[in-house]
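Chains as they are written, first to last, in numbering that gives the first Met the number 0: chain U, 0 to 217; chain L, 0 to 483.
Take these hints with a grain of salt, some might be off.
[What the hints assert, rightly or not] So these bits of chain L aren't anywhere near chain U, every CB distance computed over 10 Å:
(1) Ala46
(2) Arg99
(3) Glu134
(4) Tyr141
(5) Ala145
(6) Glu155
(7) Ala165
(8) Leu166
(9) Thr202
(10) Leu209
(11) His272
(12) Leu375
(13) Tyr424
(14) Met446
[To be verified] Label-pair distances were calculated between CB atoms; the ranges are:
(15) U:Arg171 - L:Arg97: 17 to 25 Å
(16) U:Leu80 - L:Leu166: 23 to 31 Å
(17) U:Glu130 - L:Glu155: 50 to 58 Å
(18) L:Lys100 - U:Val162: 16 to 24 Å
(19) U:Gly161 - L:Gly354: 27 to 35 Å
(20) L:Ile458 - U:Ala165: 34 to 42 Å
Source of the hints: derived by calculation from the structure; they are not laboratory data. Model, not experiment: these values are computed from the prediction. All C-beta atoms, glycine included, are put in the ideal place defined by N, C-alpha and C.
Below are the chains, spelled out letter by letter.
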Amino acid sequence: MINPQLFQLICFYAFATVTVASALAVITLRNSVHAVLALVLTFFSSACIWLLAEAEFLAIALIVVYVGAVMVLFLFVVMMLDIDQEKMREGFVKFLPVGLIVALVMLGEMLALIGVRAMHAHVLGPNPATEAGLSNTAWLGHALYTDYLLPFEVAALILTVGVVAAVALTLRHRGGVRYQTAGQQVAVKASDRVRIVKMDADTTYGRTPAPAASEESK
Amino acid sequence: MPSMNDILILAPEFYLVAAACLLLLLDAFMKPEQRGLLHWLSIAVLAVAIYMVVGAAPPVAVSAFHGMFVRDGVATILKVFALLTTILVFVYSRPYLRDRKLFIGEFYTLMIFAVIGVMLLVSAGSLVTVYLGLELLSLSSYALVALNRDAPLPSEAAMKYFVLGALASGMLLYGMSMVYGASGMGGQATLDLSRLSAVMGYTQAPTLLLFGLVFMVVGISFKLGVAPFHMWIPDVYQGAPTPITTFIASASKLAAFGMAYRLLAGGMAEVAHQWQLMLAVLAVLSLAIGNLVAIVQTNLKRMLAYSTISHMGYLLLGLSAANPEGYSAAMFYAISYALMSTASFGVILALSRAGFECEEIDDLRGLNQRSPWLALLMMLVMVSLAGVPPMFGFFAKLLVLQAAIHAGMMWLAIVGAVFAIIGLYYYLRVVKVMYFDKSVEGSELRMQADGSLRVVLSINALGLLVVGLYWGPLIAWCREALAG
Numbered sequence: 000m001i002n003p004q005l006f007q008l009i010c011f012y013a014f015a016t017v018t019v020a021s022a023l024a025v026i027t028l029r030n031s032v033h034a035v036l037a038l039v040l041t042f043f044s045s046a047c048i049w050l051l052a053e054a055e056f057l058a059i060a061l062i063v064v065y066v067g068a069v070m071v072l073f074l075f076v077v078m079m080l081d082i083d084q085e086k087m088r089e090g091f092v093k094f095l096p097v098g099l100i101v102a103l104v105m106l107g108e109m110l111a112l113i114g115v116r117a118m119h120a121h122v123l124g125p126n127p128a129t130e131a132g133l134s135n136t137a138w139l140g141h142a143l144y145t146d147y148l149l150p151f152e153v154a155a156l157i158l159t160v161g162v163v164a165a166v167a168l169t170l171r172h173r174g175g176v177r178y179q180t181a182g183q184q185v186a187v188k189a190s191d192r193v194r195i196v197k198m199d200a201d202t203t204y205g206r207t208p209a210p211a212a213s214e215e216s217k
Numbered sequence: 000m001p002s003m004n005d006i007l008i009l010a011p012e013f014y015l016v017a018a019a020c021l022l023l024l025l026d027a028f029m030k031p032e033q034r035g036l037l038h039w040l041s042i043a044v045l046a047v048a049i050y051m052v053v054g055a056a057p058p059v060a061v062s063a064f065h066g067m068f069v070r071d072g073v074a075t076i077l078k079v080f081a082l083l084t085t086i087l088v089f090v091y092s093r094p095y096l097r098d099r100k101l102f103i104g105e106f107y108t109l110m111i112f113a114v115i116g117v118m119l120l121v122s123a124g125s126l127v128t129v130y131l132g133l134e135l136l137s138l139s140s141y142a143l144v145a146l147n148r149d150a151p152l153p154s155e156a157a158m159k160y161f162v163l164g165a166l167a168s169g170m171l172l173y174g175m176s177m178v179y180g181a182s183g184m185g186g187q188a189t190l191d192l193s194r195l196s197a198v199m200g201y202t203q204a205p206t207l208l209l210f211g212l213v214f215m216v217v218g219i220s221f222k223l224g225v226a227p228f229h230m231w232i233p234d235v236y237q238g239a240p241t242p243i244t245t246f247i248a249s250a251s252k253l254a255a256f257g258m259a260y261r262l263l264a265g266g267m268a269e270v271a272h273q274w275q276l277m278l279a280v281l282a283v284l285s286l287a288i289g290n291l292v293a294i295v296q297t298n299l300k301r302m303l304a305y306s307t308i309s310h311m312g313y314l315l316l317g318l319s320a321a322n323p324e325g326y327s328a329a330m331f332y333a334i335s336y337a338l339m340s341t342a343s344f345g346v347i348l349a350l351s352r353a354g355f356e357c358e359e360i361d362d363l364r365g366l367n368q369r370s371p372w373l374a375l376l377m378m379l380v381m382v383s384l385a386g387v388p389p390m391f392g393f394f395a396k397l398l399v400l401q402a403a404i405h406a407g408m409m410w411l412a413i414v415g416a417v418f419a420i421i422g423l424y425y426y427l428r429v430v431k432v433m434y435f436d437k438s439v440e441g442s443e444l445r446m447q448a449d450g451s452l453r454v455v456l457s458i459n460a461l462g463l464l465v466v467g468l469y470w471g472p473l474i475a476w477c478r479e480a481l482a483g
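Using the sequences and the hints, build the whole thing.
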């Protein structure tokens, strides 16, 4: 029987390794489509780490929103853009020193931050979800629909404004556009389409050659 | 679950949301030639909202939705004037929009959504509500600026406004997260503005708190448009369609004042001594940049943009006093500025026609010969903006200077007075151009024939004189709101 804590630790290291490796792949792969796919893997393994931290809702949201929607859209954009790989790599050596300096500064800042954090080790309070005996998602939903109901509704209003604005800014009524009206198509009667004409039968057909036809054949 | 009481407190906001959605639907089923009805309906909707805000105003401050929303005297006053200036914008903009084929339902709906954003912002009881109200207002404003999408100037203005606005929102949010974090170090972390101040005294991370404060002040300054965060103002004022500029210069400024009041005077009262000086420095910078750069402008809308920057400097003068007297003076100033700017842009709107924006100061040449009444109205507005007694603008300036002196910042009041005199030059230049320059041959400078515009604009401009002579009740109302 494997120790559950040990199992969690193993899982964490496995997912963390995959995350870091795939994140590295994102910035090193030559093909941008591959890079996007590696980014998907990064998101997925980060979501798994969140699952380990008992943040189920965030994990699912990350997969549904980022992997499911944003990254697929991103993939389409990358595939549609004609990116010149050679041009993108120009000046790599030229900008390398600047990039290295920025990277070093950021590394220093991060280490300093981690150091400060370790000194001021701030013990997190107990997980309110576990205290309430609820799952993380249920607890979040509870908070969202009670304490934070008003902000939640206002966020919905902001989305409405986004839709209205998008329509106002992009919808163009062009003149002279021909389009089908389904209602009229359905309501059509046979008499609108076919005109039945009563006429006498052509009794002369085939007996004498038509003058027009004979002219045509010449 | 929200109780009935919560819903009653938010009744004006709920009503406006419902009305905006109904107008949106109505517009979809309406023939383009019936849009005049939409115009009057929108005005009626806002007028009813004013009635609901004032009519059912609670005698004491009440909060709803777990303290997310506060309805008190300050909120009531700011909401009334935000709704009122939006009605003025609607009345002034109809001929302008008609001439430019912008007379569409989305204009009215987006404006009402923006006003709902203003109302949430000035009533915010929590950092979350501040942010969401601000976003509702800003996103509607970005779309409105870009509404004339085929013209290059508005598109450019909208792009600048959007990018810089997003940056400022980010700054504000970053500051809020730091303040939230700081409030959690040593106390119960809270987003609630009324509790934030109490918790703040015990924080073990004063540096983090100060960093958060600085970022929040940056966000507020951007929304107010004070130097050195004023870069977007001239371009947006000039590029946006004039009705939208009027809205950004009036109701939006009331919202920005409301936001500053809620965040600084409400949430960060504990560290008032820290932000007082920040605001004073910002005020001096805006007074200098706004007034000096306005002198060299030839474009009227751009000149008014720099004048906004200087006016926001005066508003900060009142806020930096950090006491009820200062807040009430600043609120009085915000109201006076909102009414003056609607009148000044109203004159521009009354003079512009299809193919003629009336944007240049030279376009006003000889207005007195063409339309003496409009020239008189414009003179009243300019004189009021300059702060000449006995206009509205004079008493507003007087009160903020007084508040600064009483708060022991004599130097700040002196700077304010000096720049008021410098500012006089460019306001009076407009008057000189209207009265003493000969009109250009063949110019067709005349007032729009729209009856409602003529009447309302006259009332708006003459009101500046009337309130200037009889300003007691308004300041009393502001003081009462802040005392209680």
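Index of numbered hints that the structure contradicts, given in increasing order: 3, 4, 5
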